[in-house]
Amino acid sequence: MSETKALETMIGEEYKYGFSTDIEYEEFPLGINEDVVRLISEKKNEPEWMTEFRLNAYRAWTEMEEPDWFNATYEKPNFETLQFYSAPKHRPKLDSLDEVDPKIRETYEKLGIPLEEQKMLAGVAVDAVFDSVSVFTSFKEKLAEAGVIFCSISEAIQEYPELIKKYMGSVVPVRDNFYAALNSAVFSDGSFCYVPKDTICPMELSTYFRINNMNSGQFERTLIIAEENSHVSYLEGCTAPMYDEHQLHAAVVELVALDNAEIKYSTIQNWYSGDEDGKGGIYNFVTKRGACRGKNSKISWTQLETGSAVTLKYPSVILQGDNSIGEFYSVAVTNKKQQADTGTKMIHIGKNTKSTIISKGISAGNSNNSYRGLVKFNRKAENARNFSQCDSMLIGQTCGAHTFPYIESANPTGKIEHEATTSRVGEDQIFYLQQRGISEDDAISLIVNGFCKDVLKELPMEFAVEANKLLGIKLEGSVG
Amino acid sequence: MLELKDVYAEVEGEGIEILKGVSLTINKGEIHAIMGPNGSGKSTLAKVVSGHPEYEVTQGDILFNGESILELDPDERAHAGIFLAFQYPVEVPGVTNTTLLRESYNTIAASRGREELDPLEFDDYIREKLDLVEMNPDFLERSVNTGFSGGEKKRNEIFQMAVLQPSLALLDETDSGLDIDALRVVSEGINKLHTSEDAVILITHYQRLLNYIVPDFVHVMRDGRIVKTGGKELALELEEKGYDWLDSQTTVNGEVK
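Which chain is which? The protein sequence lines are A and B, in order. Per our numbering, numbering through the first sequence is continuous, rising by one, with the last residue being 480. Per our numbering, numbering through the second sequence is continuous, rising by one, with the last residue being 257.
By construction, these hints were calculated from the structure, which means they are not laboratory data. The reader is advised that the hints may include incorrect statements.
[Unchecked claim] Each pair of labels, with its calculated beta carbon distance range:
hint, chain 1, residue 1, chain 2, residue 2, range
1, B, R208, A, R424, 31 to 39 angstroms
2, B, D61, A, T422, 39 to 47 angstroms
3, A, D454, B, L236, 45 to 53 angstroms
4, B, E141, A, W69, 40 to 48 angstroms
5, B, R127, A, A72, 47 to 55 angstroms
[Claimed, not checked] Which bits of chain A does chain B cover? Going by a derived footprint, with three or more residues having C-beta under 8 angstroms, they are:
hint, segment
6, 430-440
7, 451-460
[What the hints assert, rightly or not] Some chain B residues close to chain A (C-beta under 10 angstroms, calculated; not the full set):
hint, residue
8, I82
9, V92
10, V144
We treat Cβ as the ideally placed atom computed from N, Cα and C, and that holds for glycine.
In isolation and in its complexed conformation, chain A is listed as follows (with noise of 0.2 angstroms):
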């Protein structure tokens, strides 16, 4: 009964952050062709061989299908209503915070953003980026003092046209997948960075991304470099207003590690999942991969999926360079009717590589939860290393875990270690609890960050606080 109790207060908590700001947007016609791609192009003054690229990814993208295979049942985007470009009417040149426009800020207020002193006491820099251009960029002289290059990929791609030429589509061609091949045709912004060699990059790196206007699809790109012996920890996260329509994001993020590289990249995500009947929420169909080329790097993805109403997606690294290193680290939250379809690709090809896979699935509601990943060791990857560790925990009678593991192994000398279990937070664990005087809802909460703790405890420590506010936040209920 207790446990019912608990459900249903879970089930009610409302969307914290459903809300729209009233914010003047430019039309951009509906629907896509190569003149709405060349349009989006033009809008942002590209050079050619972008328009170019764009259009190369459209074509590839129209011959494509939709994919099906993965573990969630919805209404396909209709790409013909669906608006592909959205940019503030007047777009600011800014030189500092108070120049920007005061309902921005009031929306960053009340999402608890702290943009302001709370943020640069704590050394982080913040590219903002309000629905699809970027509005604020902070700390970039301090960056830029370090050689560090951290700004919107537009202007990346006007700045910085060689590394843009050398590296986008090289983790992920455009013809990577359907949705990928979507983004690479009418990608509106993102971030971008590029750490020189021998460079420690002297803050955490963080973007905020948002959601705010009625049919515009949201279409991402990011592009982080590592060169050398250089390290790198950057922070993503999420949060949309309540809307009564589907929204699409379908981003992509592409990781390069060279020779010694590190790249941490770390992910709260807590898009509007939908009401009750799993209606309104954001579809995230999102293409992460990293490459380890150089030997001894290491790309570490670490990730709180808690929003959206279906989410495919799947961070993966490709471990070229010998001695190199993957890791991901997983929490899936998924309540009333979401559907989370999530994992890794772990490609090994180089000598020695090593790659770690902690995936913790946390299923309530009528929610589905879903782990697939593939770790695949090719011919020459000469002993690889893998362990993989999947655990999925249900609140309730009415959700499901799925654990789809993959492995492929072409070389003898691999080893590769999986275990999975699957628990149910049940009355005895919740009356234990209770019993030494702790709430129900403090109990479920308490119960699910001790399963989470091994994935929580790669979060920098600026995200762990809130992932643990998040994880209450959407499981406690609303507690007094």
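Position chain B against the provided structure of chain A, taking the given hints into account.
Below, chain B without anything else, positioned relative to chain A:
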């Protein structure tokens, strides 16, 4: 302190009656032993007093310090001072003993208007209590009951009791699964914790526990009722003659499960 007034209880939603009119009064400073065969309702009695959601009280009342606790959630009963040492302590992976106990201690302290302890103060406080049950400090950083042996789990329950200092402790078969040395350690711990201000209910199958912890009263349960009450010598008599001996002494309705 605790008063059960003709309590009837059944499994929630299933209509299976387990307690069929239990009356019992426990005063502070007393130790009561409740004995009886499997299925007689001993563990159910402990769960009903501590508020397990699986059971529903259909008749009668349970008073704690003079007030009915039937409407209280299990955590509220814990705040009032009721502690249950579980027969089968539950594992909570990823949550350390320290984390759980600090959360418990401070929640209970806050509800009673006592001062909460910060992590450092709390660390000092619990380390003192470890000795009481001869537990290794490593225990504190291990996940609650996870991978513990049966004996370690039971010892951990008494350790928690030492930390939380309840006014009424219900010990549900704390002796089962303990070897003779552990039984002695645990019993001594319980004896040291017991004062004239609190009460203890020992639920057990075996008389041997009562060699270490001497009860003021022994109650025998059968088929959901207390069928006999006596002093500590009753336990010895039971040991010698078995529970069937009671059949000739009392009339019990219904079948023994």
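Starting from the range 47 to 55 angstroms, see whether the pair R127/B and A72/A falls in it by beta-carbon distance. 50 angstroms, holds
Verify the coverage statement for the segment 430-440 of chain A against chain B, using a C-beta to C-beta distance below 8 angstroms and requiring 3 or more qualifying residues. holds (count 10)
Using 10 angstroms as the Cβ threshold, decide whether V144/B counts as touching chain A. It holds, given that the least Cβ distance between V144/B and chain A is near 8 angstroms, below 10 angstroms.
Under 10 angstroms, Cβ to Cβ, is where I82/B needs to be relative to chain A, so tell me if that hint holds or is violated. 8 angstroms, holds
Mind checking the hinted window 39 to 47 angstroms against the Cβ distance between D61/B and T422/A? 41 angstroms, holds
CB of R208/B to CB of R424/A, is that within 31 to 39 angstroms? Cβ of R208/B to Cβ of R424/A: about 36 angstroms, so the range 31 to 39 angstroms holds.
Hint check for L236/B and D454/A - Cβ pair distance inside 45 to 53 angstroms: 52 angstroms, holds
Interface hint for V92/B, Cβ within 10 angstroms of any Cβ on chain A: Status holds, d = 6 angstroms.
Verify this for me: three or more residues of the segment 451-460 of chain A with a beta carbon less than 8 angstroms from a beta carbon of chain B. holds (count 4)
At the C-beta level, are E141/B and W69/A separated by a distance inside 40 to 48 angstroms? Holds, at about 44 angstroms.
Of the hints listed earlier, there is not a single one the structure fails to meet.
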